[in-house]
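Two chains, two frames, some hints: make the complex.
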Amino acid sequence: MRPEALAALVEVLEHAPGNPSGQHRWAREARRRLDDARDGIAGLLGVEPGGIVFTSGGTEADNLAIRGVLGASGGAALCSAIEHHAVLDVVHASGGGTVAVDSAGRLDLDHLADELAADPRISLVSVLLANNEIGTIQDLDAVADVLDRARPTHPDGLLLHTDAVAAAAWVDVAALAERADLITISGHKVGGPKGIGVLAVRDGVELAPLLLGGGQERERRSGTPDVGGAVALGAALAVTARDRITVVQRVEEQAERLVAGLTAAVDHVRPTVPARSAPGVANIVHLSCREVDSEPLLFLLDEAGVAASAGSSCASGALEPSHVVDALGVAPDWAPGALRLSLGWCTTDDEIDHALAVIPAAIAQLRPTAEPAA
Amino acid sequence: MMSGGVDSSVAAALLRDQGHEVVGVTLKLWGGESDSGCCSVSDVDDARRVADALGLVHHVFNFGDAFTEHVVAPYAADHGAGRTPNPCIECNRHIKFAAVDERARALGFDAVATGHHARIAVRPDGTRRIARGADAAKDQSYVLHMLDQEQLARTLLPLGGMQKDDVRALAAELGLRTAGKPDSQDVCFITKATGRGSFLDRRIPLTPGRVVDGDGREVGSVSAVELVTVGQRKGLGLAGGGAPRYAVDVDIPSATVTVGSKRDLLVTEQPVTGLRWSTGPVDGPLLVQVSAHGTPAPARLVDAGDGHATVVWADPQRRVAAGQSVVAYQGDEVVAGATAI
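From first to last, the protein sequence lines stand for chains A and G.
Quick note on numbering: the numbering used here labels position 294 of the first sequence as 294, and the sequence is numbered without any gaps.
Quick note on numbering: the numbering used here labels position 13 of the second sequence as 13, and the sequence is numbered without any gaps.
If we strip away everything but chain G, and leave its shape as in the complex, we get (with noise of 0.2 Å):
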């Protein structure tokens, strides 16, 4: 998959050079309003050309029926049911690596490559995970931590062992246009000048909300609870002065986030629904990470069955705000992905 941005670009001109046949592939996923990230007319260029300047075929395809339904408006639902969700991931999960592999099988293709910067483990048994990419500082495999063997087997992620800045080198002595383009960071289809607010406003109701303290006293008011999340501190419209306050609770019914002292954001234990180990459980210390380049904290996975865990923290860490993924690590590798209820 060709994104039109250097490293999917990397990713092509070395899997040519280690002699696959390779054919790119630039997804269409949302014709609304955004013309920046991943679906944009300019990116699919960069991709074109890019390909071109390989020697590649280069594909166009729309899959923007099935990522409104996987990924668009699941994020409009889960905001208005309270939680946090992460676009990006359920678009691997539904899109880049179901509905695209599934094609990608149909055409007969062996394998599809992307240019993510995380690696995958092959154990003595013959199983794989996902691990934690050569550069720490670019690491997604807390974005691919839902794929399954069946998923990983063909999937190739030939920028696992590289670091960033040899990506750019290596594009810039290929000549690849895409060798000093910027990466991209937001939600693709929400554009930067209306934002996350007005995106949402157009597709679910959004609530006016009193802010209380712990006490239930009202110190504040927000334009809508559906986009605060928990841990949040700026936008809770409260009076300046005194310690820090975040938003510990965000209850949609009655429309109130209840805001604390960092203190009161801590706790021992998360829950979390949609466990799925990912070459069996794992006892013992891990390593659990709670949002795309968070440090991951020392904890232990207590699986109750049906999907259902607790993460057990070593230490008191921040309440993770629902609908975020939660992923456990046993070294660089994942062993299990969840999210955060």
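With the rest of the complex left out, here is chain A (with noise of 0.2 Å):
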């Protein structure tokens, strides 16, 4: 977490408890905070802030982007097939499909306006900014574009809704998204608390809500707002874009070097994505690894201290494989052994060397020629 972040949490918890919603001044001392923070947001996002939606996080705000533009609207959704499960199971759940993307995770644009032209029920499209787990951006005005085009064919509207959860610590978002018609944002891939989001909404689209209650959130999400969230969210975000220009530089320099120094040092280890095969975050890593399992690998760089990930987790905790690295069509012999190094702003040069030195040896205790540990 950011240390603005923290700073600004604990502000709000120590000075300003109140219910935003009440009538007395200490209610008018967190409204302020709140809408301070909706303001701030806002302007970093590029809507209105009458647009901001603080949500329980991410999961919440796709939900309701997808779900509450369907409940007001009509019609059915449709995503790519890397969305994040809290875009893509609710889909799925509505009836909709998916839209294949490259080998590099760009989504194919000819395939989305067939879909298009198909079914002209379609009234939301999901393209999410940048995949959590391969890091590739798509471009959104493109798909904009195609949107433009299939619109006088879609009866109930046809919305852009872009889940920019992994994609707004690294790029500007605002200018990214200009055409999305509604923005998901979470707080704790910005470097803010876990359990606080945002649907950032343009002005004239309508949303069902989700949760009915006290009408908090203009109507469109019921419940006493978490003011230390929204005001952490709000301090992370605008650090987070402060320092964006340095921080992406150092971390890309970080990222090449883990790569370059992996797939040096280890044989039949390549990125999943080739570089610059398609614009990506700068922080993510996703190698594919031959003759290794992602699960077992991960147990040893536990050990050695280096937290990485690879699929999904399950309810129980298991890994599950990954549909983004099936999406992107990944051979047989390649793809279990996926491996996802997250780097961040506070990643130090120590900790790339710390992984550069353990991820081979791990990988070659587990390779089948390897002599069995002692």
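No lab work stands behind these hints, which were simulated from the structure alone.
Worth double-checking, as some hints may not be accurate.
Selected chain A positions facing chain G (in silico; Cβ < 8 Å) [claimed, not checked]:
#1 Glu295
#2 Pro296
#3 Phe299
#4 Leu300
#5 Ser316
#6 Gly317
#7 Ala318
#8 Leu319
#9 Glu320
#10 Gln365
#11 Leu366
Label pairs and their in silico Cβ distance ranges [what the hints assert, rightly or not]:
#12 G/Gly280 - A/Asp350: 51 to 59 Å
#13 A/Asp350 - G/His293: 51 to 59 Å
#14 G/Ala111 - A/Ser222: 51 to 59 Å
#15 G/Ala111 - A/Gly305: 22 to 30 Å
#16 A/Glu303 - G/Arg196: 35 to 43 Å
#17 G/Leu266 - A/Glu303: 52 to 60 Å
C-beta atoms are modelled at their ideal positions from N, C-alpha and C, and glycine is treated no differently.
Here is the structure:
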């Protein structure tokens, strides 16, 4: 967590404990902080302050975007095949389908156009700005162009939602998602706390609420707002935007060093999306390794003090194969050895050195030719 | 391996207290509809919280694909072929003491431990045999009969010398949340609500069948011959009254179940396949057990080579359903295992 966000959170909890919906001075103290956060976040995302809906996180914001639009306007949803489950599962549950991506994770725009032409009921398309596993950034302008061409044949309207959770710390969301009608971000992915997220909504977009109750957030999200979380998210997003250029440059160098070091040190290890084959966020290194399974590799890396990941976790905590790797069409002998290394604003060069020391050893230990460990 | 039950909880505690460097692992084996038994989220939660209480690192390993391939698919195929498989034994054979053991070795572990109630007897020549656990009522040596010398050398069964009551008492003493948890009984991938029939119905064709007596007269019918096991008495669509009748033969190709008296079920010899001696052939009288908690009966085992053998019972015994494990003991030690045909 960014120190600025932690300080902001503590300040609210200590000095503004009021319910922002109340009529008294303590309520006003909380309300002012909440609205300051709303203004700041709106500016950074390029929407009007009234379009900021605070939620319990990215998942709720994604659900609200899709179910809210379908609930208000009718129709059906469509999304990319590499969405986070918070979008993918909601679209599937509503009966919607997916659009293919290429081997670099870029949306197949022809397929998107075909799907839109085939089904005039589609009223919402959801395409994540940057994928959380492989980092690929989508060209939302090009997606919006396709939607513009299809809109006349879609009587329920045709809106664009983007899950910018994985992108928000690393790109200028306001610029890249300028033509999105709805944008999701999440606190903990920008250096803020868990349990807070935002759905940013353009003027004129109607949403049916998921939660009914006190009618907070302009009737779009009932429940007493988490003022501390919202303020901390705003502080984190502000400092992230302020430092972005220097942090991105440093993290890019660290990520390049990590990829270069690992691919040089270990045979049959390669970036899952080859460098420069598609734009991507700076902090995600996704590798494919032959003759190694992710699960035991993550075990050894955990023991060695490297927190890595691969697919997604199911309810039991077990590792499940990644639908993203599957959608890229990674060859079957490379896919089981997926390894995702995420860097952050606070990643140090020493940590990169440590990873470069322990990851080749762990892979060597698990390869079939390796001598049994002592 | 921590299943989330009381036995493996205490096994982990004992090993920790013996000074081993213990990592708790729960297996995710089945992503299907079952939420009872060894694969459920609540059992993983129990295992994780017990590991937390014991100060152990805990991981969940996903062996779902291997489980489907080596346990669930053969379970369905065996029923389709008229056999009565024991999936827990296949899980031990292919998953727990094979795939998991292989991974444990790759990760640098010296041994794999479980909470089974069985012991590993080390003989004067250094070879090992699975032996009955101290608690006769909870003994699980039968389901571990297939472990070979290499596996036995890498396996720890810390509960083998304990009574179940003492295991529960120790769990309670340690404040483990699993202390009062009921023992698991059922096949972990089949739900109580829908049962074996509907599970198999989605995987293999089920065939309605005739039930005939020893003279070929039709006396009843069943909705699926694949679900009938030799020795079964209920669910055969028989008229009431008279002496009890049992399924004595199940013929899948002709969809026919033959019923007979208890006496018709008795045989003096039982052919088996897949025979494997624990530490080499043993001549002379043995005790042979044909179900997990069955009563062992005196017999000799005549090895015909290539895994084929005949159990020659000292006194006639009930015919064993094809597919069931047949385990031979000398005293408390497992000397051979095979599968009834």
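Against the structure, the hints:
no. : hint                            : verdict
1   : Glu295                          : 6 Å, holds
2   : Pro296                          : 6 Å, holds
3   : Phe299                          : 6 Å, holds
4   : Leu300                          : 6 Å, holds
5   : Ser316                          : 4 Å, holds
6   : Gly317                          : 4 Å, holds
7   : Ala318                          : 4 Å, holds
8   : Leu319                          : 5 Å, holds
9   : Glu320                          : 7 Å, holds
10  : Gln365                          : 7 Å, holds
11  : Leu366                          : 5 Å, holds
12  : G/Gly280 - A/Asp350: 51 to 59 Å : 57 Å, holds
13  : A/Asp350 - G/His293: 51 to 59 Å : 58 Å, holds
14  : G/Ala111 - A/Ser222: 51 to 59 Å : 55 Å, holds
15  : G/Ala111 - A/Gly305: 22 to 30 Å : 24 Å, holds
16  : A/Glu303 - G/Arg196: 35 to 43 Å : 41 Å, holds
17  : G/Leu266 - A/Glu303: 52 to 60 Å : 57 Å, holds
Hint compliance for this structure: no hint is broken.
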